[in-house]
Each structure stands twice: as C-alpha cells, then as structure tokens.
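Protein chains: 2
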Amino acid sequence: MKRIVNFSAGPATLPFEVLQQVQAELLDWNGSGMSVMEMSHRDKEFMSIAQAAEQDLREVMGIPANYKVLFMQGGATAQFSFVPMNLLRGKAGADYIVTGDWGKKAAKIGGQLCKVNVAASAEADKFTHIPERGSWNLDPDAAYVHITPNETIHGVEFHAEPDTAGVPLVADMSSNILSRPIDVSKYGLIYAGAQKNIGPSGVTIVVVREDLLGETLPKTPAIFDYKQVADNESMLNTPPCFAWYVAGLVFKWMKQQGGMTAIGERNAAKAALLYDYIDSEPFYTNPVRKADRSRMNVPFTLANPERDADFLKGAKAVGLSGLKGHRSVGGMRASIYNAMTIDGVQALVDYMKEFVRTQS
Amino acid sequence: MKRIVNFSAGPATLPFEVLQQVQAELLDWNGSGMSVMEMSHRDKEFMSIAQAAEQDLREVMGIPANYKVLFMQGGATAQFSFVPMNLLRGKAGADYIVTGDWGKKAAKIGGQLCKVNVAASAEADKFTHIPERGSWNLDPDAAYVHITPNETIHGVEFHAEPDTAGVPLVADMSSNILSRPIDVSKYGLIYAGAQKNIGPSGVTIVVVREDLLGETLPKTPAIFDYKQVADNESMLNTPPCFAWYVAGLVFKWMKQQGGMTAIGERNAAKAALLYDYIDSEPFYTNPVRKADRSRMNVPFTLANPERDADFLKGAKAVGLSGLKGHRSVGGMRASIYNAMTIDGVQALVDYMKEFVRTQS
Chain A
1 MKRIVNFSAG PATLPFEVLQ QVQAELLDWN GSGMSVMEMS HRDKEFMSIA
51 QAAEQDLREV MGIPANYKVL FMQGGATAQF SFVPMNLLRG KAGADYIVTG
101 DWGKKAAKIG GQLCKVNVAA SAEADKFTHI PERGSWNLDP DAAYVHITPN
151 ETIHGVEFHA EPDTAGVPLV ADMSSNILSR PIDVSKYGLI YAGAQKNIGP
201 SGVTIVVVRE DLLGETLPKT PAIFDYKQVA DNESMLNTPP CFAWYVAGLV
251 FKWMKQQGGM TAIGERNAAK AALLYDYIDS EPFYTNPVRK ADRSRMNVPF
301 TLANPERDAD FLKGAKAVGL SGLKGHRSVG GMRASIYNAM TIDGVQALVD
351 YMKEFVRTQS
Chain B
1 MKRIVNFSAG PATLPFEVLQ QVQAELLDWN GSGMSVMEMS HRDKEFMSIA
51 QAAEQDLREV MGIPANYKVL FMQGGATAQF SFVPMNLLRG KAGADYIVTG
101 DWGKKAAKIG GQLCKVNVAA SAEADKFTHI PERGSWNLDP DAAYVHITPN
151 ETIHGVEFHA EPDTAGVPLV ADMSSNILSR PIDVSKYGLI YAGAQKNIGP
201 SGVTIVVVRE DLLGETLPKT PAIFDYKQVA DNESMLNTPP CFAWYVAGLV
251 FKWMKQQGGM TAIGERNAAK AALLYDYIDS EPFYTNPVRK ADRSRMNVPF
301 TLANPERDAD FLKGAKAVGL SGLKGHRSVG GMRASIYNAM TIDGVQALVD
351 YMKEFVRTQS
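Each protein sequence line maps, in turn, to chains A and B. If you count the first sequence from 1, position 83 lands on 83 in this note's numbering, and the numbers rise without skipping. If you count the second sequence from 1, position 177 lands on 177 in this note's numbering, and the numbers rise without skipping.
Treat the hints as calculated values from the structure; they're not laboratory data. Be aware that one or more of the hints could be misleading.
Since the list can't tell identical chains apart, any single copy or any two copies may satisfy a pair.
Unchecked claim - Below, in silico cross-link-like pairs of lysine-lysine (DSS-like), each with a Cα-Cα straight-line distance of 30 Å or less: (1) 104 - 44; (2) 44 - 2; (3) 104 - 219; (4) 353 - 44; (5) 44 - 313; (6) 227 - 105; (7) 91 - 219; (8) 316 - 44; (9) 126 - 108; (10) 126 - 313; (11) 2 - 316; (12) 126 - 290; (13) 186 - 290; (14) 186 - 108.
Given only the sequences and the hints, what does the whole structure look like? Please build it.
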C-alpha cells in the first residue's frame with residue numbers, strides 16, 4: 001500500500017490513525033458483532049457513538065452550554081437556505097459579507113428567502129483581501145450578519161471575528177472549523193460541511209445559540225428546523241451514522257493531538273513554511289494580502305502558466321496530489337487542513353524548489 | 001471477531017462480502033493512495049465510482065433511459081417535502097394512499113406544500129392490510145398518487161403497482177427497493193433512503209421520469225430541485241461520497257447474486273419460512289392480511305406479552321439482534337432485507353421454536 005500526499009480542497013486527507021481505526025473495526029465495532037454502518041441509530045451502541053462525538057466536539061471546540069450542536073445532512077449549500085429559514089425571526093433581511101465565491105453563493109441562495117444586503121464585497125479586487133471593517137455597510141435591523149471565515153477557492157481568511165454591534169454573527173466555517181482556538185460565544189451560528197477538517201462528506205455540523213431558535217419561516221419542513229432537530233438530538237430521521245462516527249473519531253484524534261492550541265500552532269507553522277517559500281521565490285505568486293491569507297488553502301500561480309500542466313504532472317509523479325487550482329482562479333492550490341502533516345508541506349516546498357531549478 | 005444475526009429495521013445488515021471489500025480498500029482505493037473518504041468528488045477516481053454505481057443500479061433495477069437517477073441527501077423524510085416541491089407542476093394537490101405510519105408522515109409533510117387528498121387509508125384497521133383499489137377516492141386532477149409500497153413498522157406491502165389512470169405514481173420505496181423485479185416504467189418517481197437494502201444511511205436514491213421535471217415551486221433551493229440535481233449529475237454540491245461508494249458495491253453484489261430475479265426468489269423463500277412457522281404456531285401472531293404481508297419486515301406478537309423481554313434477552317444470547325418491535329405496534333419485528341441470509345431466518349425460527357418449547 002502506498003499513500004499519496006493529498007492536497008485536495010475537499011473531500012480531503014484524513015488522519016491516518018483514524019482511517020486505521022475505521023478499518024480495524026469495520027466488520028465488528030467494539031465487540032458488537034456489527035459494522036457501524038449496520039447499527040440502528042436508536043440502538044445503545046450508536047447512541048454512545050453519537051453522544052461521545054458531540055461531547056468531544058463540545059470539549060475540543062469549547063462550545064458553551066447555551067449552544068446546541070446538530071449533525072445534519074446537505075452540506076453548507078443546504079445551510080445557505082436553512083439559515084434564513086431559521087434565523088430571520090420576523091425580520092426582513094440579513095447582511096452578507098462577500099469575500100469569495102462561497103460567500104457569494106450564500107448571499108444568492110439566502111436571497112431566495114429574504115432581503116439580502118451585501119454589506120461588503122471584495123469582488124472588485126478579485127477577492128484578494130477581506131474588506132476593512134470600517135467600510136461595511138451594515139443594517140442595524142438585520143437578522144444576522146453572514147461571513148465566510150475562510151474562502152476555499154480564493155484563500156482568504158478572517159483572523160479575528162468582526163464586531164457586528166450585537167447582531168448575531170453567522171459563519172460558514174466549512175473550510176477552517178477546528179483549525180485553531182476560537183471563541184464560540186462570539187457567534188450566533190456556525191455551520192460546516194465535514195469534508196475538510198472533520199470527516200467524510202455527508203454530515204454537516206451546526207452550532208447555534210439556543211435563544212435564536214424557534215421562529216422558523218412558515219412551511220419550513222421539520223428536518224430543516226434547527227429547533228426540532230435539536231429537540232430530537234439530530235435523530236428526527238435516520239442521520240448519516242457512519243459519517244457521524246468517523247467525525248467522532250476525528251474529534252478524539254484532535255484531543256490526542258493537544259486540542260485547538262496545538263493544532264492551531266501546527267497549522268500556523270505549515271502555512272508559514274509554504275507562504276515564506278512562495279514569497280521568497282519570484283517564480284511563484286500568492287495574490288492575497290498577507291494579513292488575510294488563509295492557513296488552510298494556499299493558492300499560487302507560476303510565473304509561466306504554460307508550465308502548469310508540467311508542474312502538476314511532476315507533482316503527481318512524486319506522490320503530491322490534488323494541487324490543481326480552482327478553474328475560476330487558475331494556477332495551483334495547496335489545501336493544508338489539520339490532517340496534512342508538516343512533512344507533507346515540506347515535500348511540496350521541496351518539489352516546488354526542484355521545479356524552479358529545472359526551469360533554469 | 002463474532003458477527004451477530006442482525007434483524008434491525010434500518011440501518012440494517014449489509015452483505016458481508018461488501019463490508020470485507022470496504023475494509024480491504026479503506027486506506028488505499030484501487031492503488032490511488034487514498035481512502036474513498038479522502039477523494040475529491042471531482043477527481044476521476046471518484047467519478048468512476050459514482051458513474052459505475054449509477055450504471056449498475058440502472059442495470060440491476062432495469063431503469064429505462066428516460067428516467068434520471070439521483071444520489072441525494074436527507075433521507076425519505078426530506079423527499080416528503082421535495083416531492084411536492086418538484087412534482088406539483090402547477091396543480092393544486094396530490095393523492096396519498098396511507099398504509100402505515102410512513103405514508104401518514106409523507107401525507108402530513110406533503111400537506112405543508114400542497115392540498116393533500118388522503119384517497120385511502122387503512123388506519124381504522126390499524127394498518128393491517130392495503131385498502132382495496134376499488135375503494136380509493138382518487139382525484140383525476142391530482143399531480144401524483146403517492147404510495148408507500150412497504151410499510152416498515154406495520155409490515156404491509158403492495159405486491160403489484162396500482163392503476164392510477166395515468167396520474168404519475170410516486171413511491172417511497174425505502175424499505176423494499178431492489179428486493180424483487182419491478183417495472184420501473186409504471187412509476188413517475190421512486191425514492192428510497194439507502195439504509196435498508198442499499199447501503200449506509202446518508203444517501204437517498206431518486207429515480208424520476210424526466211418529463212416530470214422542470215416545474216418546481218417558487219423559491220425551491222437548487223439542491224432540492226431534481227432537474228438541477230440531474231443536470232449536475234448529483235454534484236451540485238459535495239455528495240455523500242462514501243455512502244455512494246458503498247451503495248455501488250452493494251449494486252455489484254446484487255448482480256453477482258443473480259440480479260432481481262434471484263434475489264426476489266430468495267426473499268420470497270425467507271419470508272415464507274418465517275410466516276409459515278408463525279401461522280403454524282399459536283404462540284405467535286402476525287396480524288396482517290396474508291395477501292398484503294411484507295417480505296421485508298415481519299412483525300409478530302407473543303401470546304403472552306409479558307414474555308417479550310425474555311424473548312429478546314434469549315434471542316440476544318444466541319446472537320439474534322434487533323428484534324424489538326416498533327413502540328407503536330409492540331411485540332417483535334424481524335427485518336429480513338436482501339443481506340439477511342436464509343440461514344439467519346432459520347436460526348430465528350429455531351430460536352422461536354425453542355422459546356415455545358421452554359414455555360410449556
């Protein structure tokens with residue numbers, strides 16, 4: 001068996017120790033005589049898995065007791081609709097800060113259900129920075145302010161929570177959840193598809209302050225209603241059990257790694273290794289303002305874009321995979337989520353150096 | 001490693017050969033150097049898995065070319081809303097045939113979005129039979145007629161498609177999809193959560209006649225719009241990749257088993273073995289009219305309900321699990337989906353005989 005170094009933007013590399021555990025217990029979980037895939041979600045075996053996952057997530061992320069944790073389906077894209085369905089609470093509209101394609105999609109889909117005010121956008125600058133907080137045109141009567149703390153495609157990231165003057169802050173944290181310590185109490189709602197830092201695609205984590213719940217739009221189906229999902233411990237219908245289980249193993253792995261402080265430090269070191277090299281070598285360029293650079297997704301271009309295909313081919317040949325940039329920005333992108341090791345990033349930097357050397 | 005005989009109603013037992021394959025390739029799928037959980041859904045590796053799964057499903061189920069096959073999220077419960085969102089096509093309402101708790105839920109949730117006409121219900125008879133076709137009060141102007149071909153809780157099953165006089169027939173086939181040969185062309189729409197006959201929970205199969213698509217209700221989010229999902233090959237956002245992959249392995253297993261004809265015969269034999277014994281032994285009772293009995297879910301009661309706990313405890317001791325009946329009907333329930341072997345059913349019958357013997 002060989003394993004590649006996987007820089008895919010998501011689904012993405014998972015901790016090897018977690019995959020080994022999944023493999024070891026695939027036919028018989030913990031002496032139960034069945035796979036997790038075969039367990040009734042109402043059985044005590046799966047209930048113990050589900051509850052431990054929530055408990056470990058609460059612990060590793062520091063989630064206060066007045067927040068509900070939900071395990072849902074549909075990815076962040078479904079949440080783009082669920083957020084206004086649940087959080088308008090009688091108000092007409094919401095503010096959206098657009099810092100990349102995902103924020104733009106969130107605003108567009110949210111706009112099907114409410115009046116969306118794009119309070120700030122960096123689109124005119126090709127999403128290469130976070131708009132200064134002072135330039136935001138917030139509506140004091142907005143139901144919430146929606147941000148995308150990390151934009152997977154453009155590689156821009158909020159490094160602190162913006163002040164929203166008491167209006168609930170809603171964050172699509174799909175691509176940087178659990179990558180460093182955050183203060184959950186600064187958010188009204190956090191949601192994240194699992195397939196970057198959490199586990200396999202198919203489960204979506206929602207962390208929501210409970211006082212925001214209970215006023216959904218009329219005709220909202222129960223399984224899209226956060227309050228009803230919370231009241232039924234995310235089992236209003238059969239949940240995505242296996243993905244939930246793998247996510248739980250990843251949360252345990254995070255604790256073993258030293259929790260958010262240690263993981264955040266490692267992520268900062270990985271990002272610095274790669275950005276420092278890019279900034280030192282004129283052949284590579286990252287277009288994002290330094291203060292707003294993502295520690296999760298590092299897009300970069302080659303001085304000669306005609307060499308893109310060769311770069312990717314050579315990378316593949318040495319076991320470095322998933323580096324092609326998103327079609328909307330071109331070039332390359334290295335996604336270096338929690339499960340990417342520093343050795344993996346070093347291997348990429350070594351290859352980038354070697355690629356430059358063979359150009360001259 | 002011991003394996004139990006798992007009669008759970010869902011998530012449910014899976015073919016052991018499939019689980020072994022999942023285990024074998026968990027760290028490195030087909031020499032790709034990564035787990036299926038780690039693959040970008042846009043990569044050629046996952047695309048090949050996804051397309052093979054659809055192709056095998058089309059083949060084993062005999063799906064005509066003018067039907068779309070979708071791999072969605074949210075389970076049958078989400079479909080209860082998606083069906084009216086997508087299939088009303090300008091009409092005011094739809095007919096629902098209520099043959100158990102699941103059909104009742106489908107009608108209730110559908111009723112949030114359209115005028116629901118319950119054209120027939122067996123609730124007054126505690127869902128112990130399918131209402132005679134002649135008694136149905138169908139609306140000729142209904143957008144569709146919704147049935148639940150197999151009711152998991154009550155153990156009643158349609159053994160032929162009802163005539164709906166040209167109105168599209170919509171079926172929640174969650175608990176009997178792929179259990180015997182059917183003529184897909186008799187249906188406008190078939191949907192099924194995966195966690196009984198298909199694979200792990202978290203993926204939902206939709207098979208829909210393409211001429212019914214394209215007229216969704218206003219404000220329907222794109223990822224709930226069958227046409228947009230179809231146009232994007234179920235990848236409008238990140239799909240539940242791992243569940244899709246396991247489902248694909250189950251479809252291949254079905255082909256290796258001889259397809260629907262062989263599987264249908266085996267399911268009939270398994271059901272006959274259990275019902276024949278129940279009917280022969282006064283200590284056990286199944287309340288369902290013989291012609292309408294489910295070949296997937298066999299509820300039964302003991303002559304002395306005070307012995308229920310002992311029955312379950314003794315069953316567990318000999319490795320027979322998941323037999324507790326749904327709380328709404330009580331007693332026992334043996335779910336005997338495709339992956340349940342005839343030896344498993346024989347072991348249950350043997351235990352039931354022994355339990356009776358030790359009563360006297």
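Going through the earlier hints one by one, which of them does the structure break, listed in rising order? none
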